[in-house]
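*Asks:* Chains as they are written, first to last, in UniProt numbering: chain A, 1 to 704; chain B, 1 to 399.
Treat the hints as calculated values from the structure; they're not laboratory data.
Below 27 Å or equal to it, Euclidean Cα-Cα: the simulated DSSO-like pairs (lysine-lysine) are:
1. A:K133 x B:K234
2. B:K271 x A:K75
3. A:K65 x B:K50
Short, incomplete list of chain A residues facing chain B, as computed with Cβ under 8 Å:
4. L42
5. L89
6. G150
7. Y167
Positions of the beta carbon are idealized from the N, C-alpha and C atoms, including for glycine.
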Amino acid sequence: MAVITIDGKTLDVPENKNVLECALEAGIYIPHLCHHKDLSPLGSCRMCVVEVEGEDQVTTACTLKARDGLRIHTKTPEVERLRMLALELLLTGHPEDCSTCPKYGNCELQMLIQYIGPKTGRLKMRTKGFRPKEENPLILHDMNRCVLCGRCVRACNELRGVKVLNYQKKEMETYVGTLHDKLLKDADCRFCGACVEVCPTGTIRDKVLNQEVKKEDAVVPCRYACPAHTDIPRYIRHVKNGEYDEAAAVIREKVPFPNALGHICTHTCELECKRKEVNEAMSIRDIKRYAAEHDTGSLWKGKGKQLPDTGKKVCVAGGGPAGLTAAYYLRKQGHAVTIKEALPTPGGMMAYGIPSYRLPREIIADEVKVIEDQGVQIEVNAKVEKPEELLKEYDAVLMAIGGHKGVRLPMEGSGLNGVIINTDFLRAVSLGNETGLGKKVIVLGGGNVAFDCARTAKRLGAEEIHLACLEARDAMTADDEEIEQAQEEGIFVHPAQTFERITGTDHVTGVDFMNVKSFTFDENRRAIIEKEEGSEHHIDADTVIFAVGQRPDITEEAGLELGRGNSIKVNDMEQDKATSVPGIFAAGDAIYGTKSVIMAIESGREAASQIDRYLGGDGDISEILAPVKKPEPYIGQCPGFGYAQRKQPAIDPPEDRGSHFGPFDHGICESDICAEAGRCLQCDLRLQISRPSLWGDFAESKEV
Amino acid sequence: MSALENAVGLSKEQVIEKIKASGLQEYGLCRETLTRRFENALKECREEEKEPGVVAALNNADTSGVLLEILRSEPEKVMEGISIAAYVAGADKKVLHIPEYEAQLFETVKPAAEKYGIEVVTGLVNIRESKGCVLLHLVTAAQLAEVFLDTYEKGIYVSVNGGNLQKAACSTKISDLADMGEAKAIQAGYRYYLPEQGEMTVEEARIDNGVLNILSEKECVVCETEKQLAASRKQSCGKCVFCREGLLQLHHMQKEITEGRGKMEFIDLTKEIGEAMTISTPCTMGQESSKTALWAVELFEEEYKSHIKKKNCPAGVCSSFVNIYINPSACEGCGECADICPKDCIEGKPKYIHMIDDFDCDKCGKCIDACDAGAIIRTTGKVPKLPNRLTKVGKFKKH
Numbered sequence: 001m002a003v004i005t006i007d008g009k010t011l012d013v014p015e016n017k018n019v020l021e022c023a024l025e026a027g028i029y030i031p032h033l034c035h036h037k038d039l040s041p042l043g044s045c046r047m048c049v050v051e052v053e054g055e056d057q058v059t060t061a062c063t064l065k066a067r068d069g070l071r072i073h074t075k076t077p078e079v080e081r082l083r084m085l086a087l088e089l090l091l092t093g094h095p096e097d098c099s100t101c102p103k104y105g106n107c108e109l110q111m112l113i114q115y116i117g118p119k120t121g122r123l124k125m126r127t128k129g130f131r132p133k134e135e136n137p138l139i140l141h142d143m144n145r146c147v148l149c150g151r152c153v154r155a156c157n158e159l160r161g162v163k164v165l166n167y168q169k170k171e172m173e174t175y176v177g178t179l180h181d182k183l184l185k186d187a188d189c190r191f192c193g194a195c196v197e198v199c200p201t202g203t204i205r206d207k208v209l210n211q212e213v214k215k216e217d218a219v220v221p222c223r224y225a226c227p228a229h230t231d232i233p234r235y236i237r238h239v240k241n242g243e244y245d246e247a248a249a250v251i252r253e254k255v256p257f258p259n260a261l262g263h264i265c266t267h268t269c270e271l272e273c274k275r276k277e278v279n280e281a282m283s284i285r286d287i288k289r290y291a292a293e294h295d296t297g298s299l300w301k302g303k304g305k306q307l308p309d310t311g312k313k314v315c316v317a318g319g320g321p322a323g324l325t326a327a328y329y330l331r332k333q334g335h336a337v338t339i340k341e342a343l344p345t346p347g348g349m350m351a352y353g354i355p356s357y358r359l360p361r362e363i364i365a366d367e368v369k370v371i372e373d374q375g376v377q378i379e380v381n382a383k384v385e386k387p388e389e390l391l392k393e394y395d396a397v398l399m400a401i402g403g404h405k406g407v408r409l410p411m412e413g414s415g416l417n418g419v420i421i422n423t424d425f426l427r428a429v430s431l432g433n434e435t436g437l438g439k440k441v442i443v444l445g446g447g448n449v450a451f452d453c454a455r456t457a458k459r460l461g462a463e464e465i466h467l468a469c470l471e472a473r474d475a476m477t478a479d480d481e482e483i484e485q486a487q488e489e490g491i492f493v494h495p496a497q498t499f500e501r502i503t504g505t506d507h508v509t510g511v512d513f514m515n516v517k518s519f520t521f522d523e524n525r526r527a528i529i530e531k532e533e534g535s536e537h538h539i540d541a542d543t544v545i546f547a548v549g550q551r552p553d554i555t556e557e558a559g560l561e562l563g564r565g566n567s568i569k570v571n572d573m574e575q576d577k578a579t580s581v582p583g584i585f586a587a588g589d590a591i592y593g594t595k596s597v598i599m600a601i602e603s604g605r606e607a608a609s610q611i612d613r614y615l616g617g618d619g620d621i622s623e624i625l626a627p628v629k630k631p632e633p634y635i636g637q638c639p640g641f642g643y644a645q646r647k648q649p650a651i652d653p654p655e656d657r658g659s660h661f662g663p664f665d666h667g668i669c670e671s672d673i674c675a676e677a678g679r680c681l682q683c684d685l686r687l688q689i690s691r692p693s694l695w696g697d698f699a700e701s702k703e704v
Numbered sequence: 001m002s003a004l005e006n007a008v009g010l011s012k013e014q015v016i017e018k019i020k021a022s023g024l025q026e027y028g029l030c031r032e033t034l035t036r037r038f039e040n041a042l043k044e045c046r047e048e049e050k051e052p053g054v055v056a057a058l059n060n061a062d063t064s065g066v067l068l069e070i071l072r073s074e075p076e077k078v079m080e081g082i083s084i085a086a087y088v089a090g091a092d093k094k095v096l097h098i099p100e101y102e103a104q105l106f107e108t109v110k111p112a113a114e115k116y117g118i119e120v121v122t123g124l125v126n127i128r129e130s131k132g133c134v135l136l137h138l139v140t141a142a143q144l145a146e147v148f149l150d151t152y153e154k155g156i157y158v159s160v161n162g163g164n165l166q167k168a169a170c171s172t173k174i175s176d177l178a179d180m181g182e183a184k185a186i187q188a189g190y191r192y193y194l195p196e197q198g199e200m201t202v203e204e205a206r207i208d209n210g211v212l213n214i215l216s217e218k219e220c221v222v223c224e225t226e227k228q229l230a231a232s233r234k235q236s237c238g239k240c241v242f243c244r245e246g247l248l249q250l251h252h253m254q255k256e257i258t259e260g261r262g263k264m265e266f267i268d269l270t271k272e273i274g275e276a277m278t279i280s281t282p283c284t285m286g287q288e289s290s291k292t293a294l295w296a297v298e299l300f301e302e303e304y305k306s307h308i309k310k311k312n313c314p315a316g317v318c319s320s321f322v323n324i325y326i327n328p329s330a331c332e333g334c335g336e337c338a339d340i341c342p343k344d345c346i347e348g349k350p351k352y353i354h355m356i357d358d359f360d361c362d363k364c365g366k367c368i369d370a371c372d373a374g375a376i377i378r379t380t381g382k383v384p385k386l387p388n389r390l391t392k393v394g395k396f397k398k399h
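Only chain B is shown next, with the shape it has when bound in the complex (with noise of 0.2 Å):
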């Protein structure tokens, strides 16, 4: 027997029954128990005068599309799980969304979607328009399918520092998941930890979208935090004032400060920004996105302060306060970093000390792997005196 069987073999009331026994939450960033879901929807479906609905999706803030592992592994059990939400709810229409990231997923979940008379779109949930409707997280969907297989069992799904999706339970801790030893900084979910809180169950953690990073030394926070704004800006659906706008500032305000152009202002105004968001927008795109550069800020305010007052990126990640140049006196003039220069920006014949022209340059790093001789230095530092013409190798005077 099938979960959705099971299911529509007994009445609704003992259905909700069972969803209320087992304990059942809805999974991610809207937490709170099933069944009180449901009621929230029949009564906002009936206030609003609409047909219910059954929704499953990933939340809106979601970009990086790791807890889809479920859906991809498992598609009919997140459709039985949608079936029998839909089964309680009295509901005809029932929709799953998929991010538009992942538009190739539809052809796998399409045969079993219409097997269970599942619309698949692709795209954000339009919030509004979902008003009376039953709005489900995947992995809701998937354990309430569990639920009636008696197979459940609470617990987090996660994908350390992007490797498998396991599911851990509850009370695991973070350092029981992932290597400390290196650690600057833990990204669970929307947010940001310090080492010392490693101590934190996952659970408390709030790993939402499944995604627990450990941040070395070698990464930046400004830089990371840069990148999860890009993602999320491309992603919103920008119908909304301060999703569209609050993402564009708080995302052009990292990157100035990752590109050396950073104000003291930013901070207080990328604060400023990021508060309002996370009350001014119906959806979890605007009210979460910002959520990680307002913990940027709070735990790492002296990493900010360095790349903004010393201009300089404490990891050596942000390339604008980065120099690579040659060592005039280790360089042996072979000529292999000019040949495998992307960017054709290293002068130089055999025999002679080669240059690197910073105006072109955008510091790959490439020569500096290419180089037998280790001539090749990456610094935030400072860049001492260099060759301004070309010179043998071996003549170059330092004075």
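Bound-form chain A, shown alone (with noise of 0.2 Å):
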């Protein structure tokens, strides 16, 4: 230990630790722009100068090592001159007019200009002339508004030792770029941000940021995007480094279907991925399903929390995504927990409305007895009709029912024999039951769910397969994969189509379609759609499937409050999941319509979450399976990152899948998969970067 004075304060400090971190530590600001606390010092701005007692000159503290004795002043006229003589110096090449700039408010630059006020008007000004640079996907480069203090330089090189950006110089201006500044992808830029975070002015900047929510949000997107907020760089890097019982473990943090979700997810994640502005987004669902498929549970079985019996006793109405992983938490949280499940074995719309093609029945089955494991009791074939009564036994009930009823659309034929609804379709054929399928079908309907019919009537056998919606095909709500999967196995794909009415006398002879023109909302969200005029057509067919939405199996009987779609009323989607009676929550597909399995497992957290609480507990449900640690900030050099392509899954070709269940999309195979997690921009580390300290956060060396 070295014991120092600063202005006159007495520190003790770490031998030869940089006097500037020392003074920032103990309260003492001392102006600073090119010192970044986790970069090397430079001694460049010359703005953290002080007096060292003894010494004929002043030096720069950030580069000051401490030393038993060493006795500084950070304010002396000699300093502050030299200092603002500094920032007069270097503001010469620096635009004038802050109130233009993107970081006005919020730039390290500004500060220190109201901080030490230099003098102005003395030297020669000039506009460096640089053409912003916007052609490189997520950072901008504006070196007109650089300072030089090379901390991006430093992050770049001893930071991530990724080693693109540098000092360059053209005829007499010095700035940052890259080697004959070639573009950041060919200079196999890793696009990591830490430049644009330690950049103190709006030199380097984020193309797109979303400024309305929280800043680590707002840099990790897909986490951010992940209704359950799974931390996805995380396990990615997991994978990356072969290390599947981690990465398995980190994804069961948060949702307990991994193998499920990494198979059928929606990937909202995917589309928010920053990796798409380089080239292509990560594959995330197949780096999850193959982590899923690798995973020995050596972190997290029977390794996760689960707190002492409380004694109290809850019952989960339907055992779909939302209510199985209610009844997970509830269970690790110490309650009792019964699923009533309504059909013959739990898994919800994973088992009977997903066809198995897409999801393979043991896996549902080996992650549900995960949760029966950890002691959750599964009644089946137990509908639940008037949850009230359940009160009688249990302390609390979740009403997690899905929507298990098809909506039939009130059109002309539409009652004829030989039309059918998509749930009653989907679930026959998952029970093995008799259908009542025919040769030529038509699917009405552009979501998933329709897609789930055609491709399942196509591995029924049915010869002729349609599908029709009203929305344009840029508009259909299913995945585009699910749609190029379906046409290629002979799906005949038509968007933009009215259904005028359904054709047939006593049994259904094909449907009427006219072309939509336009197909718009009003300001009630009702729709407006606009026919082409002559444009009636007839397709033939021996079966109509309906497959325009579902809703909650649920009538005003069962004794709660119901909304819009037949949804099961709360007071909150997110906030507050508690129904119109006391003790009774509800969840899922069941409250806000179709959407998603992880949107259900997120709900069904929520509940659990808020249950807990309602029966007296913290309702903190957190848990950390994976065992935690910093990763590695020094990525180093990877020639050709930003064209490294996505990886695609080995996927049958359609004559080999089209009539058989059994599953054809094999995810990523084990020579790519390493290669895919590789590509992952790592936005996460960007988060671990110090905050500059300003002097707006030392209150008391505050000037007046």
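Hints given; two lone chains; assemble the complex.
*Replies:* Right, dumping it as structure tokens:
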């Protein structure tokens, strides 16, 4: 240890520690610009100059090392004169007008100007005349605002080891850029954003950043986009390192169905993945799947949180993803949980909606078993009709009954023989029951469920399958890959159609359609459809499947207040899932309509937390399963990084997959998985970088 | 036996003893005894936990490259010196820097460098990255080799007025090397002196880059300073505020002065910025390059004031203050001047008095030499009344 004195204040600090850091940590503000806590000291900006007793010349505090007896002064007239001159010089090459800068109010340089108050009007000002570089993905460079503090250069070289940014000189102007001014992608930038993070001015900026959410959410959009906020960059890193148990444990910290999600998640994360700006989004779902399939469970099996029994009893109506998730976490909070499932097996829409060629039933069974092993009781063939009566036996009830009642449009011919409903159809297939399917099928609807129906019909042997929907092709709600794969399998897709009538006298003979010219919504969210005149046409069929939505299979007789679309009314979709009856909660599709498995899981987690609080617990269902370690910030160089293409899963050709219910998508293979995981930009690394110390944070040293 | 062979035949301690006995000093701006330089570097090396290394180069501030002659003529000697230093420091890393403006030297020295396992790079030495390395001036390296050939003699290398590089004994006076007859100023290394200081020895004068120029009354100190600052600006790597922005401001002010837009404040501002620069940068680039301007405003304040207040360049160099005109009573209308004018700004026809269009004229003076009649006059004073339209030779009336 060394005893040093700064402006008369004595500090005990480690020998050789950076004096500027000593001062800042002790609450003594010394202005600084090129210094950054996470980077090596440079001493080029001269803002942190100080006087050392016994030395003639001033020196920079950031390059000064603590030694016993060191006495420094940070505010002598000489120090302040040189500091002012340094800032005055620094500003001659910086735009004078702050108000047009995107960093206004957030800029370290601006704050230094306010603190130091340099002289103005004496020196020659200049505009550097660089063209702002906007042609790179994600990162924007405006070298006119650069004051050459060199933080980005050190961040890129020392902190990350990517070594893309460096000082360059053109004519007489020094600037920061890539060698030969190559595009970042061509220079093998890894788009980690460290340069953006450390830039004190508006020079290196994020091109797209959601300003409306918290910074950590904006910086890691995949994690924020995931309804359950799965820590995606963290598990991708584990997969990259071949640590599949760790990866699966990270996923399991948020969701109890890693493998099922790995097969069928709607992956909103991928839609927000920043990598898509560079070339293609990460294949997050397939990475998750790989981790789940290669997980031995060593980190979580029997190791998660299990609070002692509380003596409270909870009944969950519905064994779908929402109900199972809620039951799992409620059990972990120590409550006795019973699931009452109406159908013969648990799984809900995962087992009775999603066809088995997309989600093999063994996966559901395996993941449900984990929940049962945790101590959750599951009763099957036990439909809950009167939830209120359950309160006699249970302390709380959760209605997670999903949406198992398909919608039959009230149109001409909708009651004919040969008209069937999506949910009934898919459930019958899953149960192995008769479906009443003919040879020529028209599916009405354009969502994922419609495609499930059409492709299931194909696998049942239908000869001609059409799918028609009101939306134009680009507005269809089904995933693109679903639409494309269906077309590959020979299903005819007809977007932008109105369903005029189902024809036939006793049995269906087909459907009359008209082309849609435009389809919009008015301010009351009512559809406005303009049809193309004279476009009426007919498609022959012996079977029509309605796939235009599904609703909870519940009536007012159940004693709960219902809302729009027959949903169970709750106080607030997220914050308060209590229904009109005290003690009864609701979650999942039953409250917000058909969404996705991941949404249902999050809704179930939230419900578990709220019910736990209702039962006297703290509502904290979080758990840590994978060892938490600081990810390696030194990511190094990776030639061709920006051009590395998204690895594709192995998918059976259409002729091999259309006739059976076995899985056809085999995910990403072993030889590709590491490369795919290696494509991740690791946006979360940026959150490790220390925040700058601003004089506003040092209340005492504020000069009035 | 080569110098290196002689050195490695001895133990490290013996080598250090021999260097100490020779009294060898680091050449150039950072004068200190070589043994101390080794000690400091190795201490830094331990503190920073870095691998030791040897880096040889000119001083960063050196924009003249005069001393590169030593590398050019005896590359192996320099390489041997570097290798001996590496032996003492226990270093594997050996680097030789050559300035960007002499990049063609790269090919010349490459074979010798390869022979000794020395990496050759172009550009300035990064002082921060070279922490823990022994930094040697090229000349020091050569002299170190001489120590082990027992041929070392202390001396200063000087190129007088751009002439060949010669080695002068330390006690040589400036006036022994150069004719001080017409001198207005002495430019020695990075500084200026007055002619009466010509009795200084070359060692005292700090001719650290080998440059000794005697400026006559026909040369303008402001203009020379401006050129020197422009060269420094070009050379500066631009990472440090004071070097980058300070040089820019100094250069800007000197340029404004030479172009007739100078202000009196510039003198004080030059001092303020120049002095701050000398203590605010880590390498000689910033520390030394402002000194030219500092010595110039200090010693030649009158010349500066003349430029700024009287709008006059006493040397007649700064073209903004110079006028060129054709004396109407001497012009014979031959047209030689119009033919040679690169700007095509002389109007006239045979047997008519020729006229210069001031607007386009850049005062190159080619016409002055072309005129056999001696009619074209360069002046820093007033221009007499001239014809404003084409007038036949002999017909122009002065009044």
